[in-house]
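Here are the chains, one letter per residue:
Protein chains: 2
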Amino acid sequence: MHRSRLAGFIIDCRTTDVDGAARFWSAALGMATESLPGPEGDSYVKLVVPGERLHVEVQAVDHDSRVHLDIEADDVEAEVERLETLGAKRVKNVHSWTIMEAPTGQRFCVVRPQNKGFEQDANVWK
Amino acid sequence: MHRSRLAGFIIDCRTTDVDGAARFWSAALGMATESLPGPEGDSYVKLVVPGERLHVEVQAVDHDSRVHLDIEADDVEAEVERLETLGAKRVKNVHSWTIMEAPTGQRFCVVRPQNKGFEQDANVWK
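Just so you know, the protein sequences line up as chains C and X, in that order. The opening position of the first sequence corresponds to residue 1 in this note's numbering, with each subsequent residue numbered one higher. The opening position of the second sequence corresponds to residue 1 in this note's numbering, with each subsequent residue numbered one higher.
The shape of chain C in the complex, shown without the other chains (with noise of 0.2 Å):
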């Protein structure tokens, strides 16, 4: 038995000035910035949703520009193997979560419990 959900999505710029990325997403979106510590901060930029349980958040990265959705789960690697039983593939695993592509072509990543509720909301698979 393992627990996911939609955690939330990932605007990623190719830049190499996030800060610069995050300042249009904020105004574009009407949502406050908050820097993240450590060296993810040198990467991401979170904004801040409001009265939602979701993330969205800024994302420097060296490929083309996209926006990709994340899915959190308890059990990453049970959740990789259910999401392969349905045709995605897995790309790669970086750090605690896996890089996977929907078998419509979008990639998306599998990480760990991110926002509040998960306990309570996220899907049961068993």
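These are computed hints drawn from the structure, not numbers from a lab. Some hints could be false.
All copies of an identical chain are treated as equivalent in the list; a pair is satisfied when it fits inside any one copy or across any two copies.
Here are the simulated DSBU-like pairs of lysine-lysine, each with C-alpha atoms no more than 30 Å apart in a straight line [said to hold, decoys possible]:
1. K92 - K126
2. K116 - K92
3. K126 - K89
4. K89 - K116
Dock chain X against the given chain C, drawing on the hints supplied.
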């Protein structure tokens, strides 16, 4: 004066089988699907996001698969002009919405208000 906020995310799938694409995303995210009435139902399938005020939809497209975000606004033209001053470019008007490109490279849409709570929660721009 006008209002806007993040409306949701559209999972664009390069396919002629929008129901098949929606079956994957429904199972992956553990969300029920909801068919949309009329011609919209030929290209879009809604995913039911429990307790959230964002919409998530699967769309059949004829370009490369991606994820794009929507901003909802009670005055689409005023919102497009505000976003232009932030560096975004107008790509095309389609029906009641406008496709734009962010200075960070992603395509996104400005649409009419779609979700509950818009009047209370949207950002107010003067």
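- Item | Broken hints, by number | none
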